[in-house]
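Asker: In the order they appear, the protein sequences are chains E, A and L.
Numbering-wise, my numbering puts 260 at position 260 of the first sequence, and it's gapless, one number per residue.
Numbering-wise, my numbering puts 1185 at position 185 of the second sequence, and it's gapless, one number per residue.
Numbering-wise, my numbering puts 2168 at position 168 of the third sequence, and it's gapless, one number per residue.
Possibly wrong hints are sitting among the right ones.
Unchecked claim - Listed next, the in silico BS3-like pairs over lysine-lysine satisfying Cα-Cα at most 27 Å (straight line):
| id | chain 1 | residue 1 | chain 2 | residue 2 |
| --- | --- | --- | --- | --- |
| 1 | L | Lys2118 | L | Lys2261 |
| 2 | L | Lys2261 | E | Lys131 |
| 3 | E | Lys284 | L | Lys2118 |
What the hints contain is simulated information worked out from the structure, not anything from laboratory work.
All figures in this text were calculated on a predicted structure; none of them were measured in a lab.
Spelled out, the chains give:
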Amino acid sequence: MARLLGPDGRRVGLALLLLAACVLPFLLSSYRTFQLTSALTYAIALVGLNILTGWNGQISLGHGAFYAIGAYVAAILMDRFGVPYWATIPVAGFVCLGAGYLFGLPALRLEGLYLALATFALALATPQLLKWKHLEEWTGGVQGIVILKPDAPFGLPLDQDQWLYFFTLAITVLMFWLARNLLAGRIGRALVAIREQPTAAEAMGVDIAFYKSMTFGVSAMFTGVAGALGAIVIQFVAPDSFTLFLSITLLVGIVVGGLASLSGAIWGALFIQFIPNVADHISKAAPWAIYGLFLIACMYLMPTGVAGLLRAAAARLDRAPPGP
Amino acid sequence: MTAILEVSGLTAGYGASPVLHGLDFDVPVGGVATILGANGAGKTTTLRAVSGLIRAAGEVRFAGERIDRLAAEDVARRGIAHVPDGRGTFVQLSVEENLRLGAYVRRDPAGVARDFERVFDLFPVLKERRRQQAGTLSGGEQQMLAISRALMLRPRLMLMDEPSFGLAPLVVREIFRIMRMVNREEGVAILLVEQNASLALDLASRAFLLETGRLVVGGSAADLKADDAVRRSYLGY
Amino acid sequence: MEAFLHQVLSGLATGSIYAIVALALVMIYQATHLVNFAQGEMAMFSTYLAWTMLDAGFPYWLAFAGTVALSFVLGVAIERIVIRPVEKAPVLAVVIVFIGLLVILNSVAGWIYTYTIKSFPSPFPDRTILGGYVSAHELGVMAVTMGVLALLFLFFRFTPLGLAMRAAAQNPVSSRLVGIRVGWMLALGWGLAAAIGAVAGMLVAPIVFLDPNMMAGILLYGFAAALLGGIDNPAGAVVGGLAVGVLENLSGAYLVGTELKLTVALVLIVGVLLVRPSGLFGRVVVSRV
Chain E
1 MARLLGPDGR
11 RVGLALLLLA
21 ACVLPFLLSS
31 YRTFQLTSAL
41 TYAIALVGLN
51 ILTGWNGQIS
61 LGHGAFYAIG
71 AYVAAILMDR
81 FGVPYWATIP
91 VAGFVCLGAG
101 YLFGLPALRL
111 EGLYLALATF
121 ALALATPQLL
131 KWKHLEEWTG
141 GVQGIVILKP
151 DAPFGLPLDQ
161 DQWLYFFTLA
171 ITVLMFWLAR
181 NLLAGRIGRA
191 LVAIREQPTA
201 AEAMGVDIAF
211 YKSMTFGVSA
221 MFTGVAGALG
231 AIVIQFVAPD
241 SFTLFLSITL
251 LVGIVVGGLA
261 SLSGAIWGAL
271 FIQFIPNVAD
281 HISKAAPWAI
291 YGLFLIACMY
301 LMPTGVAGLL
311 RAAAARLDRA
321 PPGP
Chain A
1001 MTAILEVSGL
1011 TAGYGASPVL
1021 HGLDFDVPVG
1031 GVATILGANG
1041 AGKTTTLRAV
1051 SGLIRAAGEV
1061 RFAGERIDRL
1071 AAEDVARRGI
1081 AHVPDGRGTF
1091 VQLSVEENLR
1101 LGAYVRRDPA
1111 GVARDFERVF
1121 DLFPVLKERR
1131 RQQAGTLSGG
1141 EQQMLAISRA
1151 LMLRPRLMLM
1161 DEPSFGLAPL
1171 VVREIFRIMR
1181 MVNREEGVAI
1191 LLVEQNASLA
1201 LDLASRAFLL
1211 ETGRLVVGGS
1221 AADLKADDAV
1231 RRSYLGY
Chain L
2001 MEAFLHQVLS
2011 GLATGSIYAI
2021 VALALVMIYQ
2031 ATHLVNFAQG
2041 EMAMFSTYLA
2051 WTMLDAGFPY
2061 WLAFAGTVAL
2071 SFVLGVAIER
2081 IVIRPVEKAP
2091 VLAVVIVFIG
2101 LLVILNSVAG
2111 WIYTYTIKSF
2121 PSPFPDRTIL
2131 GGYVSAHELG
2141 VMAVTMGVLA
2151 LLFLFFRFTP
2161 LGLAMRAAAQ
2171 NPVSSRLVGI
2181 RVGWMLALGW
2191 GLAAAIGAVA
2201 GMLVAPIVFL
2211 DPNMMAGILL
2221 YGFAAALLGG
2231 IDNPAGAVVG
2241 GLAVGVLENL
2251 SGAYLVGTEL
2261 KLTVALVLIV
2271 GVLLVRPSGL
2281 FGRVVVSRV
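Excised from the complex, chain E in its bound form (with noise of 0.2 Å):
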């Protein structure tokens, strides 16, 4: 029997989910369609929180302050200059990794609990801030920024919908090869062991202060990359989207899907975008009730996540001997 983790098999896998996602478009309504492409913003997000709070262990409940700095710099890139809207995403990734940058230089000091507490400050802070009179000028204010829906370029016989849903995409695999090559090695290996023994690691010559820092810079760039091609999907950037909730989602998406696990944050970007939908019905309140639940069963039952879970079935088939 073929193992199905072996590295063929895994390559053979990633082919299939690839070539399934190209197909999807052509088959949902638009949609269903926008719904996956959010989806897939959000996948990158959880990478970014989970490169933080999953491989490195500082835990962020402000990531949302991030996704909102992406959103707002492509809203108001777009809206103000009038830069086109692919070239937004470069910009706000290196304002999100500076912004992440300077915000771990303080966080350096902070052990796990209180950079808890500073983050959990900064997510309650950031619509606040982003209605601030001073900043009005850019940001729109409670009002926020309406911005236009992109056509598909070069004649490509794709509606709006679907030129988006590729087009984000493109960057998600991007995002999730970069993750991966940064993770796989050296500096994945680092980030562990500053997580599970800071002075064995230190001993090792590991240089935990820039780690840290640069860690919580990159985490934001991938988050605020996520953050601008949310605001360029839904066509619409305002400060209350940007509560403390929404870090709070990011969260689910990182615990349900698997800390430390790059597929895991697929797992949670399709949970933290479907289960609300679903639960809407029984209640406007039903969805923050499963996530919540979800939230404490998952530290209960199953601290791997989705992506532990499905690691652990996949390795008992393995071990299963072959059939007659």
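Assemble chains A and L onto chain E, guided by the hints.
Answerer: What follows is chains A and L alone, placed relative to chain E:
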């Protein structure tokens, strides 16, 4: 002679690796038993297993009742006072509060008040320092406080973990004098774990020798003391 | 000058509410060395319980006492059922469970009571006193805060249970050896925190109105207050609360306006954590390794 504490087949440890491998020993009613052994032999672990601080397999009977499945707080409530290694002082509380905690489970205020007077008689220095933060006491004073805190429980059995550790010889002698007095006059049984074998054998009537988690010799303290081979190879004097 | 005095006095009044929230945070921190992110939502939920009782026609103070008692029981239950399984887990897991609790309480309140804003009565007469500087409600809030602090002081200082709670927080092993049920002491700490939080919720609801998100900003200031005063020190938490309340009002009036209140709290929190992590009156925090 009946035993207040009977232990058989006691196996315990931390995590997956057992430290104790099936110990059998007992403490006579109103008597003193001692467990001797080198560093790392498992003496402290034995006391922790008896008082319920760590999970253990085997049977522990106190006054005939099984206590091996009980939590530490319930073992204490049955009248076993454990004076732990490191003395277990509540360093941020006052001396008086430490003593009040010793009597936490008792519901006889008059008796508690009498016992305050009694421990202050035994250790007058504690009376002087009753309002002082316990963490500011010297090592010897903290050991006296630990013994007093245990006495405030009105225990029937005291488990004592290295009461001589790190103390000046004069202080050690005083502490052992008082332990002997408490044992003789009030009939409190004592299970004593000690590195200082000669001191312990003077106080105890029964003695057990622990080596890497197993009892190698057990019996009357006098016999053990008289046994030259045991003395040379295990007790080192 | 008169305006300044007014700002200070009303700052002390809002500060009193922060102080009560901070006291609730200290209760749990003292017992478990954890910061309860769900404290605000617990207080909010308690306030809805009070609203239900008032709605059913209970007299105010009966509803008040009933809410405090019920909140205490709920706090104990939350510790026993939700928190206990992760008592020894890494900080990340505990924080995630707290956030889960926050989200559940928020959504259940929204589910039962809807997200529409409700008004909530004050037990104090609706007029200003002391020459128009303070309202009766503000003065009442300050008095209740001091009352709560005094009760806590008496409880911890002079009752065996209070002593046992302090002992369990400091040295759990020795506490078990004298017969203290340490697990229950932690649960009691949660019960007290929930009860104190309920008081804060009922006092703040007449000012900010009752809705499922009413405590978010107040909790943030409560954090700032607890950190400033020293998160393991009840008296420090009250001083911290008053100081933060006055600071908030003055910075609102003279520096940044009221729109950035939460940013002021953010700056305060990060500032205290960086400059003086043990707060003004706290013991030095030894970080968990």
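Asker: All hints are to be evaluated individually against the structure, with a verdict given for each.
Answerer: Consistency of the hints with the structure:
1. With a C-alpha separation of about 23 Å, the suggested pairing of Lys2118(L) with Lys2261(L) holds against the 27 Å cut-off.
2. Between the alpha carbons of Lys2261(L) and Lys131(E) the distance comes to roughly 12 Å, so the proposed pair stays at or under 27 Å and holds.
3. This hinted pair checks out: Lys284(E) and Lys2118(L) have alpha carbons roughly 18 Å apart, not beyond 27 Å.
In summary, this structure violates none of the numbered hints.
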